[in-house]
Amino acid sequence: MINKLLIIIGIIGMLLILLPILVNFQSPTNLSALAEEYVRGSVNDLKSPNVVTSVVVTYRGLDTLGEVTVLFLATLGVGFLLENKKNKSTQRTVSENIRTTSSFLVSLIMVLGIYIFTHGHLSPGGGFQGGVVIASGFLLLILSDLDFKISHAILRFVESISGLVYVLIGLIGLVLTIGFLNPAILPLGKYGDLFSAGAIPLIYSLIGLKVGSELTNIIATMGSDRSSESVVKEER
Amino acid sequence: MNSLIIIGLGVIMIAAAIFTIYQKSIVSAIISAGVISLLASVIYLILGSPDVAMTEASIGSALTTVVFLYALNRMRKEKKDDK
Numbered sequence: 001m002i003n004k005l006l007i008i009i010g011i012i013g014m015l016l017i018l019l020p021i022l023v024n025f026q027s028p029t030n031l032s033a034l035a036e037e038y039v040r041g042s043v044n045d046l047k048s049p050n051v052v053t054s055v056v057v058t059y060r061g062l063d064t065l066g067e068v069t070v071l072f073l074a075t076l077g078v079g080f081l082l083e084n085k086k087n088k089s090t091q092r093t094v095s096e097n098i099r100t101t102s103s104f105l106v107s108l109i110m111v112l113g114i115y116i117f118t119h120g121h122l123s124p125g126g127g128f129q130g131g132v133v134i135a136s137g138f139l140l141l142i143l144s145d146l147d148f149k150i151s152h153a154i155l156r157f158v159e160s161i162s163g164l165v166y167v168l169i170g171l172i173g174l175v176l177t178i179g180f181l182n183p184a185i186l187p188l189g190k191y192g193d194l195f196s197a198g199a200i201p202l203i204y205s206l207i208g209l210k211v212g213s214e215l216t217n218i219i220a221t222m223g224s225d226r227s228s229e230s231v232v233k234e235e236r
Numbered sequence: 001m002n003s004l005i006i007i008g009l010g011v012i013m014i015a016a017a018i019f020t021i022y023q024k025s026i027v028s029a030i031i032s033a034g035v036i037s038l039l040a041s042v043i044y045l046i047l048g049s050p051d052v053a054m055t056e057a058s059i060g061s062a063l064t065t066v067v068f069l070y071a072l073n074r075m076r077k078e079k080k081d082d083k
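From first to last, the protein sequence lines stand for chains A and B.
Letter by letter, the first sequence follows residues 1 to 236 in the numbering used here.
Letter by letter, the second sequence follows residues 1 to 83 in the numbering used here.
In short, the hints are calculated from the structure, not lab data.
Hints may be right or wrong, so weigh each one.
To be verified - Below 25 Å or equal to it, Euclidean Cα-Cα: the simulated DSS-like pairs (lysine-lysine) are:
#1 Lys79(B) with Lys24(B)
#2 Lys80(B) with Lys24(B)
#3 Lys149(A) with Lys24(B)
#4 Lys77(B) with Lys24(B)
#5 Lys149(A) with Lys47(A)
#6 Lys24(B) with Lys4(A)
What you are looking at is a predicted structure, and each value in this text was computed from that prediction instead of being measured.
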């Protein structure tokens with residue numbers, strides 16, 4: 001009883017705190033000075049129609065590098081803690097519907113994922129979203145095909161190479177003295193082309209590969225007992 | 001019109017959240033938690049931020065749900081082994 005009373009008092013308190021914001025809310029009619037600078041710079045200097053992408057990859061590039069590092073550490077933790085050491089094999093059957101549909105859908109999902117991260121500078125989306133879509137494609141493969149095994153060596157290779165090249169692209173910018181992670185190390189091209197906006201498509205593709213392989217690794221570690229068995233055997 | 005859709009979606013989201021808390025079956029609770037993210041991504045799309053909507057739909061409703069279900073499966077298996 002007292003618990004419920006406390007919860008209700010807490011909700012009312014939150015309401016009182018948030019009420020002034022709700023009452024005084026008016027949607028902004030013009031951009032702030034910083035936002036205006038970003039929009040102008042994205043279109044004129046970087047030739048990237050998607051302002052969100054140019055902020056994430058260029059203006060806040062160092063933050064994105066940190067974000068990718070955080071995701072990498074999280075994956076490392078999941079792989080380390082959830083490794084299945086008991087070597088149990090589960091008997092699982094796959095429904096005919098999932099098997100038939102997945103053979104058709106997986107290729108489409110993969111193409112969509114690759115489209116999302118290669119067109120990150122033109123249309124909504126980017127490396128993180130594309131990587132998650134690719135990982136969900138692999139999830140469908142794991143669910144539908146009992147004999148499907150993901151080679152952890154390939155995942156590790158793709159993940160580490162893309163991370164390394166991402167940092168190297170940043171360092172090339174430092175060597176050319178135009179700034180860390182500046183996409184102008186490659187020709188900027190024509191506004192709206194696929195190969196435009198300098199290194200932004202390249203960087204976002206690398207992020208997409210990295211995120212995709214990391215999340216696939218999490219799903220494979222958590223989902224299938226077989227793949228973790230093979231890891232244990234490799235280590236012995 | 002847009003604000004009506006957003007209010008309707010918000011009401012469904014709150015209902016789904018309450019359903020998640022008071023649901024006895026854990027699988028139903030996990031799925032209704034995924035529904036909250038899916039509706040949130042629709043709201044982001046209406047408010048004009050497709051990038052955030054994509055992230056929310058793919059991570060919030062797809063991947064998180066799957067990870068929760070895997071964790072539930074694993075907990076059940078370990079409980080069975082203990083007995």
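Evaluated hints:
1. Lys79(B) with Lys24(B): The given pair, whose Cα atoms are some 18 Å apart, holds under the 25 Å limit.
2. Lys80(B) with Lys24(B): Judged against 25 Å, a Cα distance of about 20 Å means the pair holds.
3. Lys149(A) with Lys24(B): Violated, at roughly 35 Å.
4. Lys77(B) with Lys24(B): holds, 19 Å
5. Lys149(A) with Lys47(A): Roughly 42 Å separates the two Cα atoms, so the pair is violated.
6. Lys24(B) with Lys4(A): holds, 19 Å
Consistency note: the structure conflicts with the earlier hints numbered 3, 5.
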